[in-house]
Amino acid sequence: MNSIILLTSFGILNLFIGFSKSKKIIMPLVLLFLAIVFVVNLTGWNDTQTYFERMLTIDNFAIAFTAVVVLTTILVLPFSQSYIDQQNDSLAEYYSLLLFSLVGAIMMVAYENLLMLFVGIEILSISMYILAGSDKKNLKSNEAGLKYFLMGSFATGILLFGIVLIYGATGTFYISEISSAATAQSNNELTSPLLGMGLLFTLIGISFKVSAAPFHFWTPDVYEGTPTFFMAFMSTVVKAAGFAGFYKLMSVSFAGAQNIWFPTLIAMAVVTLAIGNIGAVAQNSFKRMMAYSSISHAGYLMIALLSFNDRSENAIFFYSLAYSVSTVAALGILKLVADQRDDVSYNAFNGLGRTNPLLAAVMTISMCSLAGIPLTGGFFGKLFIFSAALEQELLWLIIVAILMAAVGFYYYFRVIIAMYMREPSGDRVPVGSVATFALIFMTVLTFVLGIAPGLLSNIL
Amino acid sequence: METTATTHLPSDYLPILIQFAAALGFVIFAIVVTHLIGPKRHSKVKDAAWECGVESVGNARTPVSYKYFMTAILFVIFDVEVIFLYPWAVNFRGLGMEGFIQMIVFMTMLMLGFYYVIKKGILKWE
Amino acid sequence: MDYILSSLIFIPLLAVLIILCLPKHFTQGIKLVALLATSLQLILSVWLYSAFDASATVQGYQFVQQLNWISLNLQSLGLLQIQYFVGVDGISLSMVLLTGLISVIGIISSWTISKNIKGYFALYLLLVGSVMGCFLALDFFLFYLFFEFMLLPMYFLIGIWGGPRREYAAIKFFIYTLIGSLLILIVMIGLYTSAFDPAATAVRANLAPAGQVVSAEVVAEVQRQVAAGTLTGASIVHTFSIPDMQQAANFIPGSILNILSEKQLWDIPVRYLAFLLLFIGFAIKLPVVPVHTWLPDAHVEAPTPISVLLASLLLKVGGYGLFRIVYPVFPEAAAYYAYFVGLVGVLSIIYGAMCALAMADLKKLIAYSSVSHMGFVLLGLASLTSEGTNGAMYQMFSHGLISAMLFIITGVIYDRSGSRMIDNFRGLAFSMPAFTALVVVAFFASLGLPGFSGFIAELLVLLGAFSSSAVSGMLPRWLAIVATGGLLLGAAYYLWALQRMFFGKHWVHPELKGEPVMTDLTKREYLMLVPLAILVLIFGLFPSLLLNKISPDINYFLQSVLQNR
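Each protein sequence line maps, in turn, to chains A, B and C.
Take 210 as the starting number for the first sequence in my numbering and just add one per residue.
Take 954 as the starting number for the second sequence in my numbering and just add one per residue.
Take 5 as the starting number for the third sequence in my numbering and just add one per residue.
Keep in mind the hints are simulated off the structure, nothing from the lab.
Only a predicted model underlies this, so the values are computations on that prediction, with no experimental measurement involved.
There may be inaccurate statements among the hints.
[As the list claims (entries may be wrong)] Calculated from the model, a selection of chain C residues having no Cβ within reach of chain A, i.e. all distances over 10 Å: (1) Gly91; (2) Ala231; (3) Lys553; (4) Pro556.
[As the list claims (entries may be wrong)] Here are the computed distance ranges between Cβ atoms for each label pair: (5) A/Val490 with C/Ala496: 40 to 46 Å; (6) B/Leu1063 with A/Ser231: 24 to 30 Å; (7) C/Gln563 with A/Glu602: 29 to 35 Å; (8) A/Ala491 with B/Leu1063: 49 to 55 Å; (9) A/Ile245 with B/Leu1065: 16 to 22 Å; (10) A/Ile475 with B/Leu967: 32 to 38 Å.
Positions of the beta carbon are idealized from the N, C-alpha and C atoms, including for glycine.
Looking at chain A on its own, in the form it has when it is part of the complex (with noise of 0.2 Å):
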């Protein structure tokens, strides 16, 4: 509760701190800012408490959750160094949007009552919608603002019809108090129909937003157009705390209620796999890449929120954490590539290893764990929502995640191929000392987590 309220006030203070005349004050104060954030939540950790009749729980469960959106946050900001160069006027008011998001984040992993999902979905994606289309001039910018918007808010009020639907059936917003009634209707010859339409379309809705198939065919267009900086902010805090969210939904209420929603979650996950990684082979723009991407890696999520038991939660907070990192990893590079070669493409990063060793081996590392190669995070993540799906002796569905998982090396390593084994296409591209240290954090993170997985693994 007291990062809601340290983001909401840090992001007003930070549009008045927009007056001043200099730029580069602002993103150290931000730090600064989200610095404080960061361990003032951890403070509370152990150490459970509700807020607002029960329509918040900051648990340790929301604690490491909001930890992880916190600190993608701070990695992701060193990345804007270029519209501090440019004097860019709505500075502040990007920073500002980024920290109100993020309380709709933490109210999203937080929430005990459907309406502060709600709430905290809008409160993030509203944000979002704004940052996606912030490259006015852009018409691709444009594009993802709109179809963002429109295809977002229509996702949202599913969302809410869902919610509503299921007030209907059970009579409360209360999660755990609908655990009983959702439990007690679906062992019942008598299932009533208001509980799984209200589920099924509060499942599109949360899909929706975790871009997982069939509800993903915003995801490439809208962050093809937004700017890569709230690209890496969109891919990986939405998804983070989309997940969260999603799982504490099905883990806390429906856990009863698996024979309705498990077939539909199970064939979600095969397409959200299937499209995602297939569909990222035949892209050549790299952002366009990383989107599909993120679509796979809500597959992988998908596959943990299936399997269903006590380790679940670790797992798809390991995963976060370290498909997070190196996401930012990656899209931070290319937006400091793209700023100087002006071009998304895999050919951007031709020669890179030649020109920009750090960065290329940075990206590498970042590929690897991305695609699963040991002694790395994302090694450990894939392992454990594997391992927890094996014992839902879901054999089949773990094989086709991982013949998926290859498919994956095919693409992530195509820039690979272009940083090490093509001539350059550019200068040196020039990094900025913060954004220099974040990269290196990143990948010491990331092996951190691969060689050392009992750190972080084991928390919830």
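Assemble the complex: chain A is given as a structure, and chains B and C must be docked to it using the hints.
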């Protein structure tokens, strides 16, 4: 009593369905009937777009300065906030000091927003 | 000398660090560091070979080093332990020796590399360290780690230093092997959820004091309690340890890969399915027809030393995996599918040889001959006879030596002329007599002429295959007969190539770049080819030199597979 309160059979929702049908039926009835029995007169003035009773000028689909929208949106925001003031004022005694402080905080936030809007130059028309 | 195995793995990796610290232009220093590291590795592996005690107790892993690396609390499922667990036995010993030897030869062969030397040697040593790690790891996770880590350097070595179609070859190699390793990963996950470490479980369940060797009685007691269901859930320590997985008593009752739980998927027992997944995973690496198509591409595009490593070492990892993991862990499935494995082996032998016969590119010819020769490994293994399995292991060692020679030979021709097409050369014996002599040795060794190591290996394999129907009842006799045909085909393509390229009137295609001068071998090339030729001869004349060391463990391996089938 408890058991009846928590179990709903589909038939319990029948009144809703009936109401829904009645509402839909009335709308369809009204539209169809007016269409059938209403007199139809066409003239130039009658077919023109209605613009507050004033004679219409030009095409309605012309770009409008975004400042108009900004002002309109800000008006809506600040206007809606007044809704919160009214119930508070009615219950002023009941809510007491705590309510007063809460309202102070609320108004401060609102004023901060107002200050931001002015400082950002959104209300400047030129 | 407790750390000898770790030093074998980490000397090259340490050298990688040193090389990375050296300045880019200090090329001689970089090369020397690499040479020094691999030589040290060779010395250590030779020492290991001599110090290995073949008379020791059965199934004895020697020079074992076992450290806990990653412990993960799986809550209701107990504890997952990943160990740094290395050891050597008869099965891995020959491979370790081979790795030590071939890495030095490869470094000598790499001496002429001119593009980005620092990166090349760093990756080369990383590759060598990973291969060594693969052969020494006794923890499945560690094995998998090294297995995956072979891919990355190889991918770069082909992709950056390779020929014109290097990108295609690199990604093809990578995707193929990766699919294989992912299939292995599936089974690995299944195995660790099913298997437990009785000794560590005893400590965790307070049945034995920590920090001491757990006695056999306590181990048996723990196994009994787990089987009876009195020790369950959180107190069980899951393990990746391969020796633990090899015992049926170490599988948790009701788990997915326990032989007694008889789980099925699509009407196939899950254990059979797991065997097939693992088999395909390693077969891609071996490679086996029909998943061999990456090999010719990778070989043609890879630079000579990398081809040498690929053929001599990386292919062996596939065969080694079958020996170390697949057969001992799934003996009943191995017996069930013996016919299939043997059939695939014979298919590889014949198909590989026929393809080799049709190739116009010498390097492709040799690549296909590798496919053919690795088929013998499968055939020997599938026979599940003492001769067959010993022969399969011997074939892995012998093919490692011979294929290294063969690829260096193509390298010699390619360095001089920029071409490897057989039709571009005739009568090379006149301009390169010493070279031709060594080529004759290599070709004859490869086609299985008595007196060379290849003969011993293939003889043993065929003996095993012939006697299999009588001894173990695994393979029908016709498979052995067909496989013998592979030998004839082998003779055909080698002799034909020899005749076309080396005999007749001296002629080199005039349109080759810069009118190549086909001079005889340089000192550096002698240094690579002669020791290999001598070794091929020695191991052909005195097979007991190797067999004495490896047979006891291979026979024990065979015993345990046959008992548990």
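State the violated hints by number, sorted upward, taking the hints as numbered earlier in the document.
As far as the earlier hints go, not one is violated by this structure.
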